[in-house]
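Participant: Given the coordinates of chain Y, work out where chains D, P and W should sit on it, guided by the hints.
Each chain is listed here by its residues.
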Amino acid sequence: MEKPLLEVKDLAVNFKREEGFFKAVEGISFKIWPREVVGLVGESGSGKTAASLSLLNLTSSRGKVGGEVFFDGVNILTLPERKLKKFRGRQIGVIFQEPMTFLNPVLTIGVQIMEPMVEHWKISWGQARERALYLLSEMGIKDSERRMKEYPHQLSGGIRQRVMISMALACSPRLLIADEPTTALDVTLQYQIIELLRRIREKTPMAILLVSHDLEVVRELCDRVMIMYGGRIVETGGIREIFKDPLHPYTRSLVEVSPSFERVAWRLPGEDAPFSYQSNIPAGCRFQHRCSRVSRECKGAEPSLKEIGGKGWIGNSFSFHRQVRCWKYQEGALEKDEKPL
Amino acid sequence: MYPFFSRRIFHAIIVLLGVSLLTFVMMNLAPGDPYHLDPELRFNPEAVARWKELRQLDQPLHVQYFSWLKNMLQGDFGISLVHNKPVWELMMERVPATLLLTGTSLLVSLLISIPLGVFSALRKGSFWDQVISSFTLGGVSIPNFWLGMLLILFFSYHFKWLPAAGMRTVGMEFSLLDYLKHLLLPTVVLSVASAAYFIRYVRAGVWEVIQQDYIITARAKGLGDMTILLRHVLRNAALPLITVISLHLPYLFTGAMLTEYVFSWPGMGRWIVSATLSRDYPSVMAINIMVAFLVTLFNLVADLLYASFDPRIKYR
Amino acid sequence: MTYPLLSVKNLTKYYKKEGSLFSPPEDEVLALDDVNFDMYEGETLSIVGESGCGKTTLAKLITRLIEPTRGFIFFQGKDLISLNPGEMRKIRRKLQIIFQDPYASLPPRMKVGEIVGEGLEIHGLFKGGKKMELVKRVLGEVGLNAGDMNRYPQEFSGGQRQRINIARALILHPRLVVADEPVSALDVSVKGQIIKLMQDLKENYRFNYIFISHDLTTVEEFSHRVIIMYLGRIVELASTRKLFEKPMHIYTRALISAVPHRKALRNKEKFILEGEVPDPRNPPSGCHFHPRCSFSQDICQKERPFLKDMGNNHLVACHLY
Amino acid sequence: MILGKRVQKNKIFIFSLVIITGLFLMALFAPHLVSHDPLKTETENWLTPPGPDNWFGTDRLGRDIYSRVVFGSRISLSIGFISAAIMIFTGTLLGALAGYYGGIVDNLIMRLTDIIIVFPVLFLIITLISLFDSGFIHIILIIGFTGWPVVARLVRAEFMSLRERDFVQAIRALGASDLRIITRHILPNALDPIVVAATLSVPAAILAEAGLSFLGLGIPAPVPTWGNILREAHGYFRQAWWYAAFPGAFIFVTVMAFNLLGESLKDLLDS
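Taken in order, these protein sequences are the chains called Y, D, P and W. Everything in the first sequence is counted per my numbering, starting at 27 for the first residue and increasing by one. Everything in the second sequence is counted per my numbering, starting at 32 for the first residue and increasing by one. Everything in the third sequence is counted per my numbering, starting at 18 for the first residue and increasing by one. Everything in the fourth sequence is counted per my numbering, starting at 9 for the first residue and increasing by one.
Careful: at least some of the hints might be erroneous.
[Unchecked claim] Here are the simulated DSS-like pairs of lysine-lysine, each with C-alpha atoms no more than 27 Å apart in a straight line:
1. W:Lys274 - Y:Lys42
2. D:Lys155 - Y:Lys90
3. P:Lys153 - P:Lys213
4. Y:Lys90 - W:Lys13
5. Y:Lys49 - W:Lys13
6. D:Lys191 - D:Lys212
7. P:Lys111 - P:Lys219
8. P:Lys213 - Y:Lys270
9. W:Lys13 - D:Lys155
10. W:Lys13 - P:Lys128
11. Y:Lys49 - Y:Lys354
12. W:Lys13 - Y:Lys42
13. Y:Lys168 - Y:Lys90
14. D:Lys155 - Y:Lys42
15. Y:Lys90 - W:Lys48
16. D:Lys155 - W:Lys274
17. Y:Lys325 - Y:Lys49
18. W:Lys48 - P:Lys128
19. Y:Lys49 - D:Lys155
20. W:Lys17 - Y:Lys49
21. W:Lys19 - D:Lys155
22. W:Lys17 - D:Lys155
23. D:Lys191 - Y:Lys109
24. P:Lys219 - P:Lys153
25. Y:Lys111 - D:Lys155
26. Y:Lys42 - W:Lys17
27. Y:Lys270 - P:Lys208
28. P:Lys128 - Y:Lys168
Read the hints as simulated data drawn from the structure, not as lab findings. All values reported here derive from a predicted model rather than from experimental measurement.
This is chain Y alone, in the form it adopts within the complex:
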């Protein structure tokens, strides 16, 4: 059987703040298999971006990353910076959310696409140029020769995001982390980028971790999804199961707004979490303040991430479990939940 490409164990990210540490991500564990496309969904502040960037130790200097990240069996978090650099860009590529700020304004996009190849493959700029041109045309950019000489501010939003993707794919990484790749774009462009990612997914033997706040985007591309809330994973499962039968109340609130959701909506009574919810973590379930079905046990202790039901399969080689972090499912209380309130 194949080994997982990425195995994350107990990942934690803490940010140093004036008032002490603030836990952005706490105890996250998951695996990504080769060629698999996994979604990581959560609202702003849920820790999804911190979690994805911490895989390569790219959080700012104030962020402390804990836990283990095995890439192809190597624990890359324990590597010295010098060796970790060999993974960044080469084994794992990253697409960022806002192409305008994540591209260097004073360098031509050509240089920015070529530099990871020059760095990792030790090839000449001339050789890198060939591949850069190829990548740009693969991204559907016409007159790539001219584009190579342009600066980010001269490009439109859609082209910038394509440049960003070319950059991440430059060294043919084995894992692609895409952090909200469509969020900054207009609706019709989002669609184009999703289609582009779908094509890339079919053409390259690359695994993708797609980070997004939008379950619909994830649904378009992913096999499997993990839902985060308050720095924790609250539910995981195959994308179809999640849409058909969301277990965690938070997941349910996300799925309910989907136009295709056909069941009775619960409607969350609670407001979105007050902005400091992470510095002031409640005892018990983190979702309790917004949950419509909160009971006494939810306020006592935090539920664990529990495996539910049998194994799911991706293709026929990788298996996974459905998991949920909610008291309702801790003691086989499944039936109770089936009836809408």
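Facilitator: Frame of chain Y; chains D, P and W shown alone:
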């Protein structure tokens, strides 16, 4: 790109015209008439009238301004009331000395401040960063004329290593070493404040750049630290520094004036003080115009440099 | 006689900085090109389009936060553009705006009570205790507590801040509220709550609102009519039901196609657009949409299509019809 | 509030405040602190080194340098404060008008600023002083009215960006008048950088006055100012190091204290 250049040059011309107008207004605010200082003219109305006619002082103000401006453009700044020599000649004797001093210290302070500032930003909060920050605080706070006196006390009077005054040893034949020796202390004194000021900006600028999203991108590509620093950080941090230098220039001249005074450096700074004390208005105004002209010129060059380095401006 | 609550005639806005001696003349940027529509009492009108379509410009023009290049805005029969600043300030009581960004739209150093009550003070309506009482009541109505009056905006989440914004606008009992993407900065689970709140309040306060959005799905539930905009122009205007049932303009169809997993469209043809919205500094000739339109003909490049009534007040600007 | 806690934690802020308060008290109670009449000459005691009778030594006329330095603080601080106040007031007013109204108003004000700013400050001050004489009031006014352009540029930039912010637009949409928008909404939010600029203007004014006096263009002798003492010391300091050391050190410490205060204020207000 060319519209930007021509507009910028036009702007500089407008500023210079404003400068000349302001100077002209100040000159006309001068109490009494300059000829009052001349005992021969003082009690001789006919001579006064002739004197006035000669200098076109009987014309309306705007005519006077334009003829003054015309003269000035031809290098005629009038006659010094004290030295009885054309101001232009006096200026040509002194401008090079000031430019030598300010130029050297600008260069020195940049050579010191860029590496220190970059280092400080990369190691923000470290022991050495704090040492450098303390130095910059002292540097911007210390009155440079006092610093000059202290240095003279130590290096000239106490240790007798370096000369305390002038540009060269009087009566000695030209020697580069002698020049450099004379230049050393004034340069140090003048550079301290500028270096401190530049370090702060370089530090803040580099720190800001390394917070930017595109630095995360560069790191995510697995680039080496040196590549990131040189290609991604410094290129972006260097641009604002050009502006900072040009904004700092007037302060450099102010510092030069005091430094020249302390070290008896034969430049414009010392001259404007003596000219002011002796109410030699043509000289005072000429110096003002000259300095403002130099600053404007440098600002213009800085802006054009900035524009040709920053792709975002080039295409506007 | 009944006249429309709001009537927009030939409204055009170019952003342009006149080149002076000292600053560069900037290229003319097209924001709004000859826009016409009426809005009637009791209706909720939505304006939908992507970035650069002029929807935010339109919001700012209607509330006269910026001046139009050409055109007229009649509000309750009055020509807003001709009003002098004093008259305009008075009429603002009836004409409110809610901004997109809940973080930027509240003054950071004022307490919520002061923020919400400021409108009353400006218009000299209530002061002191009476004012505070009213503020308390309105805060209650938008789902906040009286105790929140003494807190600062930073202490609230995005959704709560948007509630404060709504309270600030509603305390003056406006006739028309222009809501410029009020929920697009909010998380998915909060969006619905804010929209529901606005609908509930509409019943109580009897105001009308223009809802601006980039997202067609958001507006489907509650708006009576929808305007679709593209690069400064209205391309389609119809009742919500008709628009979703029978979208006419290719752009509208593409917008609807872009909504993932829309049941209604699952079996219908999908329109996927190539390319991007063109540069508004240099808009295409003729129909602004023609470079991205797969049905583009010669005429589309030459002539601008005007809005045509296809029956039942379904207006579309396209040479195909 | 949180700011209060941060103030307590910021030792530099407290330290600089203590020094400045000390200097203030010194200026205020100068007559009670001195051991000698700062103007009384005792020629037989000229250039005495520091000792129990004359803590900072005596000058070329036998005057007590300590007493002169203490009295000098009155001039330095009052010039520093009043000139800085003029700079801030003028700069804020003009910067606010330019930034809020834009257009012609902005163009006129900014062109004036451009023109003044290319003159090195001290050159301009000296020139003006040669025209108006160097009385106490004149010096304060001249330093104040030549220092505003920097403040004006800063305030203008703040106003321009605040004017476009949503919350200001929202107040405008409520029907508020320009005066209300400027005073109640823009100014309070632009206050932080103005406060910092004000703190940093004081040492700039103090240095300008000291430099002026040092060049002999400041307040005429025999009034003791730190710059004046340094000027007199210029001819004597090789024999009498104390002549220059003490007044200079006082300028240094005062300027540094204000710079520190400004820096720490910036840190406090930024976060």
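Participant: With reference to the structure, classify each hint as holding or not holding.
Facilitator: Comparing the hints with the structure gives:
1. W:Lys274 - Y:Lys42: holds (21 Å)
2. D:Lys155 - Y:Lys90: At roughly 17 Å apart (the allowed maximum being 27 Å), Y:Lys90 and D:Lys155 satisfy the hint.
3. P:Lys153 - P:Lys213: Distance of about 21 Å is within 27 Å: holds.
4. Y:Lys90 - W:Lys13: holds (26 Å)
5. Y:Lys49 - W:Lys13: Satisfied, since the Cα-Cα distance of roughly 23 Å is no more than 27 Å.
6. D:Lys191 - D:Lys212: holds (12 Å)
7. P:Lys111 - P:Lys219: holds (14 Å)
8. P:Lys213 - Y:Lys270: holds (25 Å)
9. W:Lys13 - D:Lys155: Judged against 27 Å, a Cα distance of about 24 Å means the pair holds.
10. W:Lys13 - P:Lys128: Distance of about 20 Å is within 27 Å: holds.
11. Y:Lys49 - Y:Lys354: holds (26 Å)
12. W:Lys13 - Y:Lys42: Holds, at roughly 18 Å.
13. Y:Lys168 - Y:Lys90: Since the Cα atoms of Y:Lys168 and Y:Lys90 sit roughly 42 Å apart, the hinted pair is violated (cutoff 27 Å).
14. D:Lys155 - Y:Lys42: This hinted pair holds, its Cα atoms lying about 15 Å apart.
15. Y:Lys90 - W:Lys48: violated (67 Å)
16. D:Lys155 - W:Lys274: Roughly 17 Å between the alpha carbons, so the hint for D:Lys155 and W:Lys274 holds.
17. Y:Lys325 - Y:Lys49: The hint holds at about 20 Å.
18. W:Lys48 - P:Lys128: violated (60 Å)
19. Y:Lys49 - D:Lys155: Status holds; Cα separation ~24 Å.
20. W:Lys17 - Y:Lys49: holds (24 Å)
21. W:Lys19 - D:Lys155: holds (19 Å)
22. W:Lys17 - D:Lys155: It holds: about 20 Å lies between the C-alpha atoms, which stays within 27 Å.
23. D:Lys191 - Y:Lys109: violated (56 Å)
24. P:Lys219 - P:Lys153: Within the cut-off at roughly 19 Å; holds.
25. Y:Lys111 - D:Lys155: holds (23 Å)
26. Y:Lys42 - W:Lys17: Holds. Y:Lys42 to W:Lys17 sits at ~17 Å (cutoff 27 Å).
27. Y:Lys270 - P:Lys208: Given pair Y:Lys270, P:Lys208 holds - Cα atoms ~22 Å apart, limit 27 Å.
28. P:Lys128 - Y:Lys168: Since the Cα atoms of P:Lys128 and Y:Lys168 sit roughly 53 Å apart, the hinted pair is violated (cutoff 27 Å).
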